[in-house]
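Chains as they are written, first to last, in this note's numbering: chain V, -14 to 335; chain R, 38 to 299.
No lab work stands behind these hints, which were simulated from the structure alone. Mixed in with the good hints there might be a few duds.
[As the list claims (entries may be wrong)] A short, non-exhaustive set of chain R residues, derived as facing chain V with CB atoms under 10 angstroms:
id	residue
1	149
2	201
3	203
4	225
Every residue gets a Cβ at the ideal spot worked out from N, C-alpha and C, and that includes glycine.
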Amino acid sequence: MIEVQDLTVRYGTFALRDVSFVLRAGERLAVLGPSGAGKTLLLETVMGARRPDRGRVLIDGREMTRVPPEARRIAYIPQDLALFPHLTVLENLRFGLRGHAARRASAGAIEEVVSMLGLEPLLARRDVATLSGGERQRLALGRALVVRPRVLFLDEPFASLDAATRTDLQRSLRAIVTRLGTTVFLVTHAFDEAFLLADGILLMMQGRIVQRGPAAAVFRGPRTVDAARFLNIRNILRLERIPAETAAALVRGRPPQAPPAHVAIRPEDVEIRTDRDGPGGADGGPGLVARVVDLFPAGSRVTVIVELADGGRIEASMPSASVASAGITGGAPIRVHLPAASMIALAEGA
Amino acid sequence: MRPGAALHATWLIAGLGLALALVLAMLASQVAFAGTAAPLAALAEPDVRAAIRLSLVCATIAAGLAMVVAIPSAFVLARWRFRGRVLIDALLDVPIILSPVAIGMTLLLVFRSGPGQWIESHVLRFVFEVPGIILAQFIIALALQIRVLKAAFESIDPRLELVARYLGCGPWGVLRRVTLPLARPGLIAAFVLGWGRAIGDYGATVTIAGTVRGKTDTIPTAIVLNWTSIRIEAAVALVMVLTVIALLVLLTVRLIAGGRRA
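Make the full structure from the sequences, and use the hints.
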């Protein structure tokens, strides 16, 4: 278990401020945030590569601030994997077994990891430089897991892979760490990776944790405008620009001193209706008058950009077949419905 | 080919040809002057053999000892960030720029000082002695070795060392299992270049150790000694030995560099 208490770290003009969280044994936590949010700085400080200016890091209840890296029994996979180029594949895999972990690793540790990661065909290879991106990734993972770390730290380890290999490896990593019960601390800016690999998410902006919660909850309910933008929720509107009855439904039940300043709605939750569809809509109202400005194909769906009567723009994402059957084309007059149940109330800023 | 391109190619080839011709002319002149029989016969002379032996021994000891100091110095300069690093870096480069005679003279001044005289009297005699040759060559080799090793350490990704520490290696383990093996081509190149520089030194060696025939004459000092004594064949024989050594050193460094690229 990792406990981080009131961590403050300065790095040039940037600073992490008052970061606190708990990562329980066996949990997988992803620190998610845009580039420059301080994710890697947090990871390096928690794992002990940097000294904090203030605050404490405890691993399994033990103060770790002054403990040297080799005595921490944690493993780290950086973005570039850092495989040892002067060693063979097998020597890379066994590297950690000559250190502290040798006393703890069972005789079958290597065989188990090799089998789980499908590394058998690689063991005869001498030069790690000849491995493909996916093979290098599996070897780095194997090297880290062989020592049975208390926590596995990952710094955007899949960033350099193609989409198909990345997905395969993310899934096998998830299966392996679940099977081994490994505690994982992952840093990434890719929210699909965070949602796939992690149980919980720390959303980080400008050196601060702005939201923490289960992956699905953070994804469905960002609390601030910046968080919603980072999660790629394209439609962020000031509250006064949405239909009054929808706004009233959103404000209802919230404390009076904290009314939301903005609302967000995902493009797939926006409903577009034409005259062919007749009256009615998911929000129960007449909808907002608008016209189609542009259409962008996106696989089996189409992103429809519409312009409201007041000049504001909204994105909707619709199945390609629906777009064709409804006769939605550039310049077509339409009505936009924003269901209150799909709206996310947002506070200002980060 | 366009006229501009032809002129460009001619300039490149002419430059290379001239440089090569100059070096070949120097080598050919050695053989043309004395042939090969006389220098080979001179190599059998005890004085000449003693000079070669002393040069090989002193340069090897000096370059070896310099490596012991150069490795940690270069590592600190490559890895640590601290106030005054740039100044220290520049100071360590001074012997590269400074004339070897000036280095030798400075060493003489050191041994004229109080602490220097105490060392001469109670620890080891350097002035006009073999340890003086080793000390002069040590300083000359050290600066070059630090430069080569610093570049070698800087080319190693520090993340490799960090990952090794998380895999259970202490600082010595990281040095032994990651840093030094990865810097191996740089280590060999630093030793060979330092050794080559040491064996070819004249100025610093002659200033601190003099040219005592059969005692402190190394190959370069013996060349001058034989030349001024009008023993031209012996001087040319030693020049040829030095030339072969230079060629071997340079080929070794290039082979290492080639292996690294591969």
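Status of each hint after checking the structure:
no.	hint	verdict
1	149	47 angstroms, violated
2	201	7 angstroms, holds
3	203	5 angstroms, holds
4	225	14 angstroms, violated
Hints 1 and 4, counting from the list given before, are not met by this structure.
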